[in-house]
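Following the hints, position chain B against chain A.
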Amino acid sequence: MMVTETLQVEIGEDLTHNVQPLLHEIRHALVTLLDDGGSTVIDLRSLPLAPGEEQKLLDELGQGEVFARLQALGPSEIIETRYPGVWVVMHFNNDNEVIGKFIEVCDIPDLLRSQQEDIRQGLEQLQTQLA
Amino acid sequence: MSKDETLGAALRRQGISRRGFLKFCAATASMMALPPAMVPAIAAALEKARRPSVIWLSFQECTGCTESLTRSHSPTVEGLIFDTISLDYHHTLQAAAGTAAEAAREAAMEENFGEYILVVDGSIPLGNPGFSTIAGISNQSMLLDTAKGAAAIISVGTCAAYGGIPHASPNPTGAVSVSDLIKDKPIINVPGCPPIPMVITGVLAHFLTFGAIPELDELGRPKAFYGKSIHDRCYRRPFYDKGLFAETFDDEGAKKGWCLYKLGCKGPTTYNACATTKWNEGTSFPIEAGHPCLGCSEPDFWDGGGFYKALSMPTEDIARTAVYAVGAGAAAGVALGAMSRAKKKRAEKAHKKVTIDDLEKGG
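Those protein sequence lines, which keep their order, are chains A and B.
Residues in the first sequence are numbered from 1 upward in steps of one, following the working numbering.
Residues in the second sequence are numbered from 1 upward in steps of one, following the working numbering.
Just chain A, with the same shape it has in the complex (with noise of 0.2 Å):
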């Protein structure tokens, strides 16, 4: 039986020097939602990132007190980091796989809010189980 070896390719440090340059663009909108209540968000998949920097990034930020996961259209998972008002929010299909990757630097973010036409479509369900 042939056996063949691994090739192992190792990972620099900070390779596309990326990660600093977007710590320090949500220091400038974390300014900004205090100054002016302004949000923004950071699409993680138009970055140019190398194999580890999105890791090396989360790890920066880290986790905070709120994790939640939601099922909608698969699932998601937004997270507060330790930099309240920073949120990192990761979308799934119904395989897992990922369909969407952002920071997003503001209060709450709005897929956490009940949506006012859930609300309605609820309250109508709610009512006709009690009627």
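If you're looking for bench data, these hints aren't it; they were derived computationally from the structure.
One or more hints might be untrue.
[As the list claims (entries may be wrong)] Heads up, incomplete: computed chain A residues facing chain B, CB under 8 Å, no partners named:
id, residue
1, G37
2, D43
3, R45
4, P48
5, P51
6, Q55
7, H91
8, V98
[Said to hold, decoys possible] Computed footprint of chain B on chain A; a stretch qualifies when at least three of its residues, placed anywhere within it, have a C-beta under 8 Å from a C-beta of chain B:
id, segment
9, 72-83
10, 102-112
[Stated by the list, open to error] Mimicking DSS-like on lysine-lysine, the simulated pairs with C-alpha atoms at most 25 Å apart in a straight line are:
id, chain 1, residue 1, chain 2, residue 2
11, A, K101, A, K56
12, B, K256, A, K56
13, A, K56, B, K278
14, B, K242, B, K223
15, B, K183, B, K148
16, B, K242, B, K256
17, A, K101, B, K228
18, B, K278, A, K101
19, B, K309, B, K242
20, B, K309, B, K256
21, B, K255, A, K56
22, B, K242, A, K56
23, B, K228, B, K278
24, B, K309, B, K255
25, B, K278, B, K223
26, A, K101, B, K223
27, B, K185, B, K148
All C-beta atoms in this analysis are idealised placements derived from N, C-alpha and C, irrespective of residue type, glycine included.
Just chain B now, with coordinates in the frame of chain A:
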């Protein structure tokens, strides 16, 4: 979903909550390479979007483009977008064949004249109409006939966009692209061999959302996906800037993940979204897997002078250029890119025609 039902209504009918719809819009914005701030605008537009009729014609192709789009086995954002269109003709996917299939195409054309989207994959042979036919109709004749009532044409894959592999020297079938034949319709080129599935559906989503074609570059490609070179967005770019290159596929440089330029990477002259959108649900892309970019989304990529030959070879001194690159950073990259394009042109001119006999002798 009927043709008059809006996308918002259809999703609600399927039991998808508003929260689910907003998630769908966030993923769609990401897929269309639009800023997240546009999510509310996308939600408002998609809520009202109606189901467009799509006619998909496959000519001289390998079906890789359709495979790319339909590869997923589970509901995805791409799948939802794909479900939203009314795919009225696609001879690889539809159950009908022959006369019944052609009747479906003609009915869709008549019912939606001036409004349907025409998607084409594969090149069109002009050498002899008999080289490629569907139900006895030549590709050229079917394209010209179906294009008449199209609101827009999407050329999916490098074959439809630029001729692709069938067009490669010596081009035995006289293959041409869609834009070589159609001059009076908006044409969106979505090249790649195959294109990234999210890019195909991203273009469809853009049309659904805004009712217009996206901004295109000089080669007819959507700038949102093809606006930057692979090289500019490549995570190995810092190694290029420092002059650190893998010389073989198993040397120290390769193990350390250095730049693949000297192994023939066409990243500097190739414009596509692979380095950020990536493949297989955003898992990886060829360079991340250790292989140079082949340049498959560029015209005549097959005749570019060898997949494993550096763009600047044989005359340019890579080491010297790399030293300049360290000093001048991105500017040197641009200069090398321009130099590489000139080389590519020369390589195309010098390309020799290879016969079956030559291949047999070589093997």
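Tested hints:
1. G37: violated, 15 Å
2. D43: holds, 5 Å
3. R45: The hint holds - R45 of chain A has a Cβ within 8 Å of chain B, the shortest such distance being about 6 Å.
4. P48: The hint holds - P48 of chain A has a Cβ within 8 Å of chain B, the shortest such distance being about 4 Å.
5. P51: It holds, given that the least Cβ distance between P51 of chain A and chain B is near 7 Å, below 8 Å.
6. Q55: Interface hint status for Q55 of chain A: violated (14 Å vs cutoff 8 Å).
7. H91: holds, 6 Å
8. V98: holds, 6 Å
9. 72-83: holds (count 4)
10. 102-112: With 3 residues close enough to chain B, the hint holds.
11. A:K101 / A:K56: Holds - the C-alpha atoms of K56 of chain A and K101 of chain A are around 15 Å apart, at most 25 Å.
12. B:K256 / A:K56: With Cα atoms ~19 Å apart, K256 of chain B and K56 of chain A stay inside 25 Å; holds.
13. A:K56 / B:K278: Distance ~19 Å between K56 of chain A and K278 of chain B Cα, so the pair holds.
14. B:K242 / B:K223: This hinted pair is violated, its Cα atoms lying about 29 Å apart.
15. B:K183 / B:K148: Within the cut-off at roughly 11 Å; holds.
16. B:K242 / B:K256: holds, 14 Å
17. A:K101 / B:K228: Between K101 of chain A and K228 of chain B the Cα gap is close to 21 Å, so the pair holds against 25 Å.
18. B:K278 / A:K101: Holds, because 13 Å separates the two Cα atoms, which is no more than 25 Å.
19. B:K309 / B:K242: Holds: K309 of chain B and K242 of chain B sit about 20 Å apart, inside 25 Å.
20. B:K309 / B:K256: Given that 25 Å is the threshold and the Cα spacing comes to 21 Å, the pair holds.
21. B:K255 / A:K56: Given that 25 Å is the threshold and the Cα spacing comes to 21 Å, the pair holds.
22. B:K242 / A:K56: holds, 23 Å
23. B:K228 / B:K278: holds, 14 Å
24. B:K309 / B:K255: Distance of about 20 Å is within 25 Å: holds.
25. B:K278 / B:K223: holds, 17 Å
26. A:K101 / B:K223: holds, 22 Å
27. B:K185 / B:K148: Holds, at roughly 8 Å.
Consistency note: the structure conflicts with the earlier hints numbered 1, 6 and 14.
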